[in-house]
Structures are given as structure tokens and as C-alpha cells.
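Work the whole structure out from these sequences, hints included.
Protein sequences appear in the order of chains A and B. Residues -9 to 322, numbered by this note's numbering, are exactly what the first sequence covers, in order. Residues -9 to 322, numbered by this note's numbering, are exactly what the second sequence covers, in order.
Quick caveat, the hints were computed from the structure, so don't treat them as lab data. Careful: at least some of the hints might be erroneous.
Any copy will do: because identical chains look the same in the list, a pair fits if it lies in one copy or spans two.
Here are the simulated lysine-lysine pairs, DSSO-like style, with alpha carbons at most 30 Å apart [to be verified]: (1) Lys15 x Lys119; (2) Lys267 x Lys298; (3) Lys114 x Lys180; (4) Lys180 x Lys214; (5) Lys15 x Lys224; (6) Lys224 x Lys210; (7) Lys265 x Lys154; (8) Lys15 x Lys154; (9) Lys154 x Lys9; (10) Lys224 x Lys298; (11) Lys126 x Lys9; (12) Lys114 x Lys126; (13) Lys(-7) x Lys215; (14) Lys45 x Lys107; (15) Lys9 x Lys303; (16) Lys154 x Lys88; (17) Lys107 x Lys30.
Predicted model only: the values in this text are computed from it and were never measured.
There are 2 protein chains.
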Amino acid sequence: MLKLEQLYSLIDQEASRLKWPEEPKLLYDPLRYMMDMGGKRLRPRLCLTSYNLFKDDIGEHILSPALALEVFHNFTLIHDDIMDNADIRRGVPTVYRKWNDNIAILSGDTMCLWAFKMIGKAPKQTLDKALNLFTKTTIEVCEGQQMDMDFETRNDVSLDEYIKMIGLKTSVLLACSSAMGAVIAGAPDKICEGLYSFGYKLGIAFQIQDDWLDSFGDEKTFGKKIGGDILNNKQTWLLIKCREMAQEKDRQNGSQTSSRLKELLAMAETSGEEKIKAVKEFYCSLEIDRLAEEAVNAYYTEAMQSLKNSGLKEDQIRQMETIATSLVKRNR
Amino acid sequence: MLKLEQLYSLIDQEASRLKWPEEPKLLYDPLRYMMDMGGKRLRPRLCLTSYNLFKDDIGEHILSPALALEVFHNFTLIHDDIMDNADIRRGVPTVYRKWNDNIAILSGDTMCLWAFKMIGKAPKQTLDKALNLFTKTTIEVCEGQQMDMDFETRNDVSLDEYIKMIGLKTSVLLACSSAMGAVIAGAPDKICEGLYSFGYKLGIAFQIQDDWLDSFGDEKTFGKKIGGDILNNKQTWLLIKCREMAQEKDRQNGSQTSSRLKELLAMAETSGEEKIKAVKEFYCSLEIDRLAEEAVNAYYTEAMQSLKNSGLKEDQIRQMETIATSLVKRNR
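Put into C-alpha cells, the structure is as follows:
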């Protein structure tokens, strides 16, 4: 097994070697733009590390499928940004804002298709399994995005529904990334499934942590303004859990906790800092912040348990755990 | 070899058995809507017939990839209709008009991904070649669509550029469909390439015929209003050939043919029938109508030549020729 730093540097090398066609320019410029935005390349890292648990022959047959996961992820961002009217991503204009809707639609489509071309470099012996895992996953990501859009017009989303949605929208691609390397290496099904489950649970932990950070994080380390979700009344783990607990409290002792939450949500966005402060205090009064941290820890523990039950060896588990800890910072 | 009618009925059966998930409803309703619009299912027909030239064991391993070609084609229609602001397709509202842009983007994405899922049913021995052919083709289709959009703001498109564009936007998918069956059947490369070239040339002939029909066809058999391309000054084979010939004439004998064409194109769309009549007469005066028919025939002949040079046997060639004649009606 190589060291993680070596694996990561192989990913970065391969990414810098990626060559998109020059023409048609308006089709490929947005792809270059997205791929040059950087990012941690978490999905390729998971995939290559998972492959390297079993095999040392690192070449195009695994680097190309590993990067396909990043290319696909970037495609979803291009299209999601149109659907969400998002103007800025990683500090620069989104593709549909820099160019236009049509360019963003068609460049996105092309990017998605290149991801499949890159998956096609997997070795013939395991290509069928790799392709099936990838298509299943990518379809689920779209289903998750649709669920998320459906949630926008609802205020009765349950925590179970929310977990299902982030499971599809976020976790399955991390699960696929964790399993893909092992699948391409021809590892036993039970181990591939264990790695999939690890990535899935890790993804849920990561998303709940992200929800927590948006309200309770440190602006400097989080990298964006704190409180955005609160201002937009966004359906997050915190808000949904809070709504469920408020309703439970009202049922138990006839309190008016739900009404109080509704009042807070009805505060105009313009009241800015005041609203953020009030909602955070309300969350804390119901211990939602602590419960979120507990949930993150619980999903993280489940992720590690999946690895342990899969039949992987100690050193293999430790390698994957190192990635997990870089992604989810536990507080206990 | 089965009869074409038998093959076509197997395609129709399989299409009617296609089951899309019920949920999320807003994601899958548009897919059902598109697939129920009907159409000739030309691409699956080409694919299944090409497979059956070599093998008789018709099952999911070929029917599913064959239908994938239709599913992919329908995905491109959903996204193209957004980009082209097209309100009506096959007599009913387009997806983005019936629902909205976001639904059309995400349902289209999902449809594209399902096409790959269906290609994934190809037998393991030939999956790598089938997938590579499919990804190469689908990327080219997007490149063709981008070229077509680039042409909208130009009035100096050459006939060579036009043929390249329709080659990508239309022909490569017919080429891929013709070759895919043989590829999945494990036929020799030379034969697969011959079938690809056959489908490519046939596609060019088909598109030039379509351009001709839009101006010179019979409204009843063509199924839509004659003259739409003329009213929109659309860059078609007829217009581009006409422009090139007018310029050539002006160079040779100092005529003002190009200026006359420009005047005609500048006629307001509102003058409707008058403009259509004037442009058609102008085309006829330069014999563009006859030249278009000749070009259709020439590409058709090249298509058949590709089959003959590929090493296919007489009865195999005849089977493919029957599809070709149903697609391109020659006039001589």
C-alpha cells in the first residue's frame, strides 16, 4: 500500500494531465473552467485509495475512473447551479452566470458523458460491475436532487425523508467512490459492499456536519458566511429536528414551542444577524446543536463499523479511516 | 435471420415493457411522456437488425442496448427543445413547456443516465467496445449541437462545415446504431466499421432529404408545415449551397445573385407565403432543388458502397438496404 500523500499526488498529476478538446470552444471552455476551480478531489481520492487496498499497479485503468467521479460531480454542480439560481461557486461566477443557460446545459451534458468515457477505461474483467455501480449511483444522485427541489415547497419534511434525500444527493456518490476502487480491483463482493456502506454513512455524517457548520461553525475555517441556511429557512437537519422536537414538546406538555419556531422563521431575511442569533439560541434551548454533533458521531461510528464488518484487514481499515477523519471532525 | 417485421415487433414489445420508477414523480413523468410520444424507433431497429445479421439469440442483452439508443435520442430532444425554445414536438407541448426548465434539465439528465444503464446490459465480452462506441458517439452529438448553435449567429457557414455539423448532430447516432448490434454480436472490426460508415452516410442523406422536404415536400406526407426553414432563414443544405453558388456566379460573370439572395432573406417573416414562394423560385432558378436530390442519392450510394466493401454477405446487405430505403426515398 502506498501512503495517502503519494496517492493524492497521483490524482493531482492525472488531473493536470486531463486534456479537453479545443473545439467547439463554447462547449469545452466551461469544462476547463469547472475542473480548474480546484477542490479536494475527495471522490477520486476515496476511489484510488480503495483500489490500492488490493492492488499496486496504478495506471490509467484506475486513475481515469477515479477522476470520472470528480468529473461527474462537477457536471451535477453545473446543472444544480442553474436550477438553484446560484450565482457564485468557490468564489467565482457559476457557469450559467459566466456564460448562459444553454451553454451550461450542453457543457454539463458533455461533462457527464466524458465521465462515462473515463469509466470505460476500467479493465475489461471488472468493467461491467464498475459501470453498473456508476449508472445506479448517478441516477440516484438525480433522484436526490429532485427530492431536494420537491422539499422546497414543503414544511413538513420528516427527518427520515431528509436522511433519504441527502443519502441520494450526497452520500451515494461518496459510497460509490469508496467501493469503486475495490470493484475495479476485483475485490470480493462483501468487501465492496462494506466499503460502499462506509462511504454512505460517512456521507450522511459529513452532510449533517455541514448543516451544523453553516449555523455553528467558525466563519474563517468554514470558508463562507455563517447563518445562510437560517436566513433562507433552508430545510436542514437542524431545522427539521428542531421542528420535530418542538411538536413533540407541544404534544407532551401543551407548550407553544412550534408557534415560537414559526415566528422565528417568519422573521424577514432583512433582519439578518438578529434572526441568525435568535434561531441559534432557539436551537440551543432545545439542544439541537448537541444532538446534531451526536448524530454526526453516530453515523461516523456506523461508517467505521461497516469497514470492520466487511472483512478488511487492520491496515486497510486504518487507511480508509484516515480519509474519514480528514472529512468528519468528531468532537468527542 | 428474422424478418424485419419480426425484429421491429420485438422492439415495440420491449419498449412497452420498459418500466420507469414511480418516484420522484416529477422526475419520471417527463420520461414516460417522451417515450410514449412514439416515433419509428429507427435507432433500436438499426441496432437489433445489425445484431441479428450475426446472432439469433435475441434477449435483454441486445434489446436493452438497442432501446438505450432511443432513450438517449429522446434525452437530446428534451434538452435541445429548451435550447431552441421549441414549444411543440410531434404535435404536443415539449417537456420544458409542459413542466418547466428545471424539470426538463433534470429529467433529461436522468434519461441520459438510464441510457447508459441500458447499455450496461450488453454481454460482458463485448461491453467494453459497446460502451466506448456509445460514449464517443454521445459526446459527438453534443459537439454537433454546439456547432449548430454556433451557426445561428453566422451567415458564412460553408457546405463542408454544414456536413460536419449534421454528421455529428444526426449521423453519428445512426452510425452508432448500425454498428452497435454487430459490435455486441462480436462481429469483426472491419464489418463493424462498414456498418458504422453505412449509418453515417445514410444519416447525411436523410438530413439533406429532410432539408429538401421542408421546402419542397408535400405537406400531408411531410407531416408539418412546408417552408418553416425558409421563414426562419435557417442554415440548411439548400440555403448554404445556394449562397455558395450565388457567390460563385457573381465571381464568374459579375452578376448580382448574392445581393438578390440577401434581399430575399431580409423579407419579413410576416410576408409568409410570399417569401416561401420567392425563395423556392430562387432555389429552382439555380437548380438547388435538383442538386439536393443528387446529393441525397450520392450519399445513399456511398452508404450502400460501405456495406458492400465491409465484407458482409449478400443477404446481410439486403437486410440493411431495406431499412435504408425505408428511410431515404430516392427519386431516381
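Going down the list of hints, with the structure as the test:
{"no.": "1", "hint": "Lys15 x Lys119", "verdict": "between (34 Å within a copy, 28 Å between copies)"}
{"no.": "2", "hint": "Lys267 x Lys298", "verdict": "neither (41 Å within a copy, 77 Å between copies)"}
{"no.": "3", "hint": "Lys114 x Lys180", "verdict": "both (21 Å within a copy, 21 Å between copies)"}
{"no.": "4", "hint": "Lys180 x Lys214", "verdict": "neither (40 Å within a copy, 57 Å between copies)"}
{"no.": "5", "hint": "Lys15 x Lys224", "verdict": "between (37 Å within a copy, 22 Å between copies)"}
{"no.": "6", "hint": "Lys224 x Lys210", "verdict": "within (22 Å within a copy, 54 Å between copies)"}
{"no.": "7", "hint": "Lys265 x Lys154", "verdict": "within (29 Å within a copy, 58 Å between copies)"}
{"no.": "8", "hint": "Lys15 x Lys154", "verdict": "between (39 Å within a copy, 16 Å between copies)"}
{"no.": "9", "hint": "Lys154 x Lys9", "verdict": "between (37 Å within a copy, 23 Å between copies)"}
{"no.": "10", "hint": "Lys224 x Lys298", "verdict": "neither (36 Å within a copy, 63 Å between copies)"}
{"no.": "11", "hint": "Lys126 x Lys9", "verdict": "both (27 Å within a copy, 15 Å between copies)"}
{"no.": "12", "hint": "Lys114 x Lys126", "verdict": "both (19 Å within a copy, 17 Å between copies)"}
{"no.": "13", "hint": "Lys(-7) x Lys215", "verdict": "neither (35 Å within a copy, 66 Å between copies)"}
{"no.": "14", "hint": "Lys45 x Lys107", "verdict": "both (23 Å within a copy, 27 Å between copies)"}
{"no.": "15", "hint": "Lys9 x Lys303", "verdict": "neither (38 Å within a copy, 41 Å between copies)"}
{"no.": "16", "hint": "Lys154 x Lys88", "verdict": "between (33 Å within a copy, 28 Å between copies)"}
{"no.": "17", "hint": "Lys107 x Lys30", "verdict": "both (22 Å within a copy, 29 Å between copies)"}
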